[in-house]
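Let the hints inform the model, and build the full structure from the sequences given.
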Amino acid sequence: QQQVKQSPQSLIVQKGGISIINCAYENTAFDYFPWYQQFPGKGPALLIAIRPDVSEKKEGRFTISFNKSAKQFSLHIMDSQPGDSATYFCAASMGDTGGFKTIFGAGTRLFVKA
Amino acid sequence: DAGVIQSPRHEVTEMGQEVTLRCKPISGHDYLFWYRQTMMRGLELLIYFNNNVPIDDSGMPEDRFSAKMPNASFSTLKIQPSEPRDSAVYFCASSLDSYSGNTIYFGEGSWLTVV
Chain U
27 QQQVKQSPQS
37 LIVQKGGISI
47 INCAYENTAF
57 DYFPWYQQFP
67 GKGPALLIAI
77 RPDVSEKKEG
87 RFTISFNKSA
97 KQFSLHIMDS
107 QPGDSATYFC
117 AASMGDTGGF
127 KTIFGAGTRL
137 FVKA
Chain W
177 DAGVIQSPRH
187 EVTEMGQEVT
197 LRCKPISGHD
207 YLFWYRQTMM
217 RGLELLIYFN
227 NNVPIDDSGM
237 PEDRFSAKMP
247 NASFSTLKIQ
257 PSEPRDSAVY
267 FCASSLDSYS
277 GNTIYFGEGS
287 WLTVV
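In order, the protein sequences belong to chains U and W. Using our numbering, the letters of the first sequence map in sequence onto residues 27 to 140. Using our numbering, the letters of the second sequence map in sequence onto residues 177 to 291.
Please keep in mind that the hints were generated in silico from the structure rather than gathered at the bench. Do not take every clue at face value.
[Said to hold, decoys possible] Not everything, but these chain U residues come out facing chain W in the computed CB check (under 8 Å): (1) Tyr58; (2) Ala71; (3) Phe92; (4) Thr128; (5) Phe130; (6) Ala132.
[Said to hold, decoys possible] In silico DSS-like pairs for lysine-lysine, Cα to Cα no more than 27 Å straight-line: (7) Lys68(U) with Lys94(U); (8) Lys83(U) with Lys200(W); (9) Lys31(U) with Lys97(U); (10) Lys139(U) with Lys97(U); (11) Lys94(U) with Lys84(U); (12) Lys127(U) with Lys68(U); (13) Lys94(U) with Lys31(U); (14) Lys68(U) with Lys31(U); (15) Lys127(U) with Lys254(W); (16) Lys127(U) with Lys244(W); (17) Lys200(W) with Lys244(W); (18) Lys84(U) with Lys127(U); (19) Lys254(W) with Lys97(U); (20) Lys139(U) with Lys94(U); (21) Lys94(U) with Lys244(W); (22) Lys97(U) with Lys84(U); (23) Lys200(W) with Lys127(U); (24) Lys139(U) with Lys31(U).
Just so we're clear, the structure is a prediction, and the values are computed from it rather than from any experiment. Ideal Cβ positions, reconstructed from N, Cα and C, are used throughout, including at glycine.
Quick look at the structure:
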């Protein structure tokens with residue numbers, strides 16, 4: 027119930043195309059859904075995040091779509107660029123006694139071809 | 177701020193040796209996390225601290241692993257004895273407080289190879 031399932035494992039997209047990464051969760055106690063971006067040799071860094079009371083959040087070329095009833099959310103990268111090539115992690119977070127817990131998906135390695 | 181600082185960045189050690197990874201969280205952050213990243217298992221939470229106190233160590237793989245946080249600005253993750261299957265990237269991360277919407281700030285990782 028604590029898992030966050032992410033797909034695909036890897037993705038190759040042409041420059042200018044749309045990259046789509048999907049995630050699903052089970053536990054309805056999760057109340058915050060961030061996406062992290064990781065470049066080779068670096069740690070993950072927050073990219074964009076959403077709460078379940080909205081269905082979509084857009085920041086520049088990056089959009090999260092959220093379907094609360096299906097317990098699914100996805101990241102769309104519009105006009106994908108070679109500089110977007112990285113590993114993307116979806117995550118789900120919830121407050122907990124004494125702290126909070128963030129569960130990460132397995133990650134998607136995105137490669138954008140020039 | 178300098179961000180989360182980890183050392184060493186790279187470590188190659190022989191099986192059976194003790195490994196100590198170090199972390200300095202962002203000043204003022206109450207939460208500190210240790211994660212391990214491998215191709216097979218992705219990003220796994222090993223342990224996290226709140227105000228220097230270990231809260232959840234259920235992700236620590238076995239007794240060979242231990243973590244301490246003697247003060248608000250320093251934490252260590254120790255593996256003794258190390259085994260080849262411990263080879264991974266170990267990330268330290270910190271967060272401001274217990275609000276679930278808080279950003280987790282990761283260090284650049286310690287790349288461990290056990291031969």
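Hint check results:
With its C-beta approaching chain W no nearer than about 5 Å, tyrosine 58(U) sits inside the 8 Å limit, and its interface hint holds. The closest approach between the C-beta of alanine 71(U) and any C-beta of chain W is roughly 7 Å, which is under the 8 Å cut-off, so the hint is satisfied. Checking phenylalanine 92(U) against chain W by beta carbon gives a least distance of about 14 Å; that is not within 8 Å, so the hint is violated. Evaluation of the threonine 128(U) hint against chain W yields a held restraint, the C-beta minimum of about 6 Å falling below 8 Å.
The closest approach between the C-beta of phenylalanine 130(U) and any C-beta of chain W is roughly 4 Å, which is under the 8 Å cut-off, so the hint is satisfied. Interface restraint check: alanine 132(U) against chain W, minimum CB-CB distance 4 Å, threshold 8 Å, status holds. Distance hint between lysine 68(U) and lysine 94(U) is unfulfilled; the C-alpha atoms sit about 32 Å from each other, more than 27 Å. Restraint check for lysine 83(U) and lysine 200(W): the C-alpha separation of about 33 Å exceeds 27 Å, so the hint is violated.
Using a Cα cut-off of 27 Å, the hinted pair lysine 31(U) and lysine 97(U) holds, with the two alpha carbons roughly 11 Å apart. About 31 Å separates the Cα atoms of lysine 139(U) and lysine 97(U), which puts this hinted pair outside 27 Å; it is violated. Straight-line distance between C-alpha atoms of lysine 94(U) and lysine 84(U) comes to about 17 Å, which keeps the hinted pair within the 27 Å bound. At roughly 22 Å between alpha-carbon atoms, lysine 127(U) and lysine 68(U) fall within 27 Å of each other, so this suggested pair holds.
Among the hinted pairs, lysine 94(U) with lysine 31(U) is consistent with the structure: their alpha-carbon atoms are about 15 Å apart, no more than 27 Å. For the given pair, lysine 68(U) sits about 23 Å from lysine 31(U) by alpha-carbon distance, which is consistent with the 27 Å threshold. Proximity of lysine 127(U) to lysine 254(W) is assessed by CA-CA distance (about 23 Å); at most 27 Å being required, the pair is judged to hold. For the hint pairing lysine 127(U) with lysine 244(W), the CA-to-CA distance comes to about 19 Å; that is within 27 Å, so the pair holds.
Straight-line distance between C-alpha atoms of lysine 200(W) and lysine 244(W) comes to about 12 Å, which keeps the hinted pair within the 27 Å bound. A distance of roughly 25 Å separates the Cα atoms of lysine 84(U) and lysine 127(U); the hinted pair therefore holds under the 27 Å criterion. Proximity of lysine 254(W) to lysine 97(U) is assessed by CA-CA distance (about 38 Å); at most 27 Å being required, the pair is judged violated. Using a Cα cut-off of 27 Å, the hinted pair lysine 139(U) and lysine 94(U) is violated, with the two alpha carbons roughly 33 Å apart.
Restraint check for lysine 94(U) and lysine 244(W): not satisfied, since their Cα atoms lie roughly 39 Å apart, outside the 27 Å limit. About 19 Å separates the Cα atoms of lysine 97(U) and lysine 84(U), which keeps this hinted pair within 27 Å; it holds. The hinted pair formed by lysine 200(W) and lysine 127(U) meets the criterion: a straight-line CA distance of about 21 Å does not exceed 27 Å. Restraint check for lysine 139(U) and lysine 31(U): satisfied, since their Cα atoms lie roughly 26 Å apart, inside the 27 Å limit.
Violated hints for the displayed structure, listed by number in ascending order: 3, 7, 8, 10, 19, 20, 21.
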